[in-house]
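Asks: Given chain E's structure and the hints, the job is docking chain P onto it.
Chains as they are written, first to last, in my numbering: chain E, 964 to 1283; chain P, 6 to 353.
FYI, nobody ran anything at the bench for these hints, they're computed from the structure. Possibly wrong hints are sitting among the right ones.
BS3-like mimics (lysine-lysine), calculated; alpha carbons at most 30 Å apart, straight line [claimed, not checked]:
#1 E/Lys1138 / E/Lys1272
#2 P/Lys220 / P/Lys136
#3 E/Lys1080 / E/Lys1093
#4 E/Lys1086 / P/Lys269
#5 P/Lys220 / E/Lys1280
#6 E/Lys1272 / E/Lys1212
#7 P/Lys269 / E/Lys1242
#8 P/Lys220 / E/Lys1272
#9 E/Lys1112 / E/Lys1138
#10 E/Lys1161 / E/Lys1272
#11 P/Lys212 / P/Lys230
#12 P/Lys230 / P/Lys220
#13 P/Lys212 / E/Lys1272
#14 E/Lys1112 / E/Lys1242
#15 E/Lys1280 / E/Lys1138
#16 E/Lys1280 / E/Lys1161
#17 P/Lys136 / P/Lys269
#18 P/Lys269 / E/Lys1093
#19 P/Lys165 / P/Lys269
#20 E/Lys1081 / P/Lys220
#21 P/Lys136 / E/Lys1280
#22 E/Lys1242 / P/Lys165
#23 E/Lys1161 / E/Lys1212
#24 E/Lys1161 / P/Lys345
#25 E/Lys1272 / P/Lys230
#26 E/Lys1280 / E/Lys1212
#27 E/Lys1212 / P/Lys136
#28 E/Lys1081 / E/Lys1093
#29 E/Lys1138 / E/Lys1161
#30 P/Lys136 / P/Lys212
#31 E/Lys1212 / E/Lys1138
#32 P/Lys269 / E/Lys1080
To give a feel for the contact side, a few chain E residues facing chain P, derived at Cβ under 7 Å [what the hints assert, rightly or not]:
#33 Ile1062
#34 Ala1074
#35 Ile1188
#36 Asp1191
#37 Ala1195
#38 Phe1202
#39 Leu1249
All residues carry an ideal CB built from backbone N, CA and C; glycine is no exception.
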Amino acid sequence: MSLTDTIAFIFYNAIFYAAPLIFTGLGAVFTERSGVTNIGLEGVMQIGAFTGIISNLFLHDIFGGATVFVSIMIAMIVGSLFSSLLAISSVTFRSDQIIAGTALNMLAAGATIFLVKKLFEGKGQTPMVKDAITRFDIPVLENIPVIGKIFFQNVYLTSYLAILAAIVGWVILFKTPFGLRLRSVGEHPTAADTMGIKVNRMRYIGVMISGALGGIGGAIYAQSITLDYSHATISGQGFMAIAAMIFGKWNPLGMMGAAIFFGFAQSLSTIGPSIPFIKDIPTVYLYILPYVLTILAVAGFIGKSVAPKALNTPYIKGSR
Amino acid sequence: MSKRWTSILIPVLAVILGLLVGAVIIAISGYNPIVGYTQLWEGIFGDSYVIGESIRQITPYVLAGLAVAFAFKTGLFNIGVEGQLIVGWFAAVYVGISFDLPAYIHLPLAILAAGLAGAFWAFIPGILKAKLGVNEVVVTIMLNYTALHVTNALIRSIAKGDTTEQIAQTASLRIPFFEEITQYSRLHGGIFIAILTVIIIWFILEKTTLGYELKAAGFSQDASKYAGMNVPRNIVISMVISGFIAGLAGAMEGLGTFEYVSTKTAMTGIGFDGIAVAVLGGNNPIGVVFGAILFGALKYGSLNMPNPPAQIPEEMISVIIAVIIFFVASGYLFQWLYEKFSKKKGVK
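Just chain E, with the same shape it has in the complex (with noise of 0.2 Å):
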């Protein structure tokens, strides 16, 4: 392989990991600017990639080529349905905001494989997908000597679709009044609600973003990377997608450089053996870096990572 081949063997193969990690990890930003931790969004990109594999597999034949987007968007829809769950009891009924998310995780361990046992016979396995998500050339930029060769040919439209998702939730967060609201509900509730800020109604927006940004990131990986749904197909990329919020300080921006970093770790582990230099580091450091760098981003060791002020406090109208 030339030197090109190889920056865009490992970019892309990064960036295509990195997509779901910046959808979910877009959605932990939210979330947690609201006030609100979502640890359960391990079970809503479960939901998600359920959703994501059961749509696709019986709507192929209505949308043809469009199955997946459909299928991207229906998942959507049901994640920020199903972590409405977590509102209602954390925000309204002023549960813990980590035992609730925790009860979604079990529930949606338990119910997508209910579901997929009930729809396929006993069996706790889809089929494969027949419409995965494909690679295309990006019209124009594709033909930029080097740099096209990259960063633009062959890439996943997911991939590219995520990293505007990134800019634009940076935008909303930091650019706009309604970005300005939900982030002063997470640092100071009885302030915003003075100034007329309805903070629950705020938080309930905040959850639901992260559930629908969640679905989304679990449609992708499953119509990407997996193309089936099993127990084992979302195993611990929920929690990396907090991580890489945290890694990249509540910032959409520094979540996603965080999260295509992750992704990088990630599918290295797949193509490592065929680079050379990584093939000859044992896999387990590449599976744990990134908890590893976490841990080691919230002890300080590399920046300071300082979480809102009034997350997992639920607002109780009066109390000061």
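Replies: This is chain P only, laid out in the frame that chain E set:
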């Protein structure tokens, strides 16, 4: 309503509601809930074999639940019981296959190794929290996956495959008498260790200065500090003890149920179910026993649900447990309903 009364009433209501919601879901999915629950019951109490297996399932649940509950008492959320259990499981099996010792040394040594491995894994978030104020939830989640991949790599390196050999019988928790009375189920002596640990932890929390200090830190770190207690030290101690108990839960699997360890593609789930057990048990050692009996029995009994005539996938039980946890955690729901209810009465 008094606090003591609600702390028992809410879990009981939650369990009843959870089972009712489960029945509705089963019915909507086109199965028969009565047949399903009958088979669930038979899967737990049907004969001496399933009773033995149910108790076997309850054993690690007691310890995992206790680990979560103990950390909770000090105001710490140990969501890393899963990872501590995995490293404990590996350590126990490693000692079990590597040494050639008489049983009265080998078995305690293997159990101790499991506890220490779990304690070490929990020491990391403990010291980071104590010294740097790092949120333990984040660190323990990250360490869960680190534990999974590290033990997988270690298993492959010592076993030259995906499963280790069987542990020496001198390190096994197997009790022939239990096997005889339960038609050779995998019920093992670990249940005594679990009960003993519950008693010790109850004693530490309720009857010792250490327990008092740990609980004080759970109520208010500032107040404990003002009273001259060493809060950072107590955080580390609490995490280490919690991790030790989680490691013991791993020993139950490694020395009792399976007597080997194999690589995993996903978490065991016992650690997360431990959170459910602790929540249902109100983070009280005695409550944890009841929580573990309920969830452990449901989990094992559910394996009988896919059999005809019910043919309900056993994953239904995870859904029911999750619903129960939603209800227990949302305790305010009951208060809210109670207030609504009493208000209406007032209007009349």
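Asks: Would you pick out the hints that fail for this structure and give their numbers low to high?
Replies: Violated: hints 9, 13, 17, 20, 21, 35, 36 and 39.
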